[in-house]
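Protein chains in written order, with our numbering: chain A, 1 to 111; chain B, 1 to 115.
Please keep in mind that the hints were generated in silico from the structure rather than gathered at the bench. Ideal Cβ positions, reconstructed from N, Cα and C, are used throughout, including at glycine. There's no promise every hint is true.
[Claimed, not checked] Where chain A lies over chain B, by a calculated footprint (3+ residues, C-beta under 8 Å):
#1 23-29
#2 64-74
#3 82-96
[Claimed, not checked] Residues on chain A that point at chain B, a partial pick, calculated with CB under 10 Å:
#4 Gln2
#5 Gln6
#6 Ala12
#7 Ala16
#8 Val18
#9 Thr23
#10 Tyr48
#11 Phe63
#12 Gln79
#13 Met80
#14 Lys81
#15 Ala84
#16 Arg91
#17 Gly104
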Amino acid sequence: GQNIDQPTEMTATEGAIVQINCTYQTSGFNGLFWYQQHAGEAPTFLSYNVLDGLEEKGRFSSFLSRSKGYSYLLLKELQMKDSASYLCAVRLTGGGNKLTFGTGTQLKVEL
Amino acid sequence: DVKVTQSSRYLVKRTGEKVFLECVQDMDHENMFWYRQDPGLGLRLIYFSYDVKMKEKGDIPEGYSVSREKKERFSLILESASTNQTSMYLCASSTLGQGGGNTIYFGEGSWLTVV
């Protein structure tokens, strides 16, 4: 079966940096996605990695190591509006464009 | 912007009722998906479709069926609702290719309570 692990909850301070980790063990790999989901809302796309390394997009960066089955999402200069759930998802090879999701990490940003 | 619209945000249904959840996307996407989201379990794929009248089972299809008669519309059907189907249901769509950052786009979700 497919296994994607993330911490359940994290707390950080406004203005700080936080790293949300994701490890995966899947049969095949064709890209890793990060989504943000505010309470009661739809998940929205944040980032995508398919090759090893760091992808930067403003305050958000995502890193991938395929050999280690590991990714992280880095959020800099945290703002209160960053309080949300962050979902890690893997696209498997040969599976169309289906994504398999982790259980999500609930991030709380405090003053 | 891609828009995925789910017809009902909140529904309350009785055990044994037949329930229809409707989803429409306006970007001419080939792929459409139904997920359910539960605390501690994350998003789980119920069914997906890559073309009109085509469907494939996801990870948890039991108790559900789907219909895709038109490209833009994908319906999830609970033939006989049960309390363990109380959940948030998310519809999503994407283009066909699985290369690059071809992400999927989600609707706002439908909160279903079965009593």
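Hints versus structure:
{"no.": "1", "hint": "23-29", "verdict": "violated (count 0)"}
{"no.": "2", "hint": "64-74", "verdict": "violated (count 0)"}
{"no.": "3", "hint": "82-96", "verdict": "holds (count 4)"}
{"no.": "4", "hint": "Gln2", "verdict": "9 Å, holds"}
{"no.": "5", "hint": "Gln6", "verdict": "9 Å, holds"}
{"no.": "6", "hint": "Ala12", "verdict": "21 Å, violated"}
{"no.": "7", "hint": "Ala16", "verdict": "26 Å, violated"}
{"no.": "8", "hint": "Val18", "verdict": "20 Å, violated"}
{"no.": "9", "hint": "Thr23", "verdict": "14 Å, violated"}
{"no.": "10", "hint": "Tyr48", "verdict": "4 Å, holds"}
{"no.": "11", "hint": "Phe63", "verdict": "16 Å, violated"}
{"no.": "12", "hint": "Gln79", "verdict": "23 Å, violated"}
{"no.": "13", "hint": "Met80", "verdict": "22 Å, violated"}
{"no.": "14", "hint": "Lys81", "verdict": "18 Å, violated"}
{"no.": "15", "hint": "Ala84", "verdict": "14 Å, violated"}
{"no.": "16", "hint": "Arg91", "verdict": "6 Å, holds"}
{"no.": "17", "hint": "Gly104", "verdict": "6 Å, holds"}
Of the numbered hints given earlier, the model fails hints 1, 2, 6, 7, 8, 9, 11, 12, 13, 14 and 15; all others are met.
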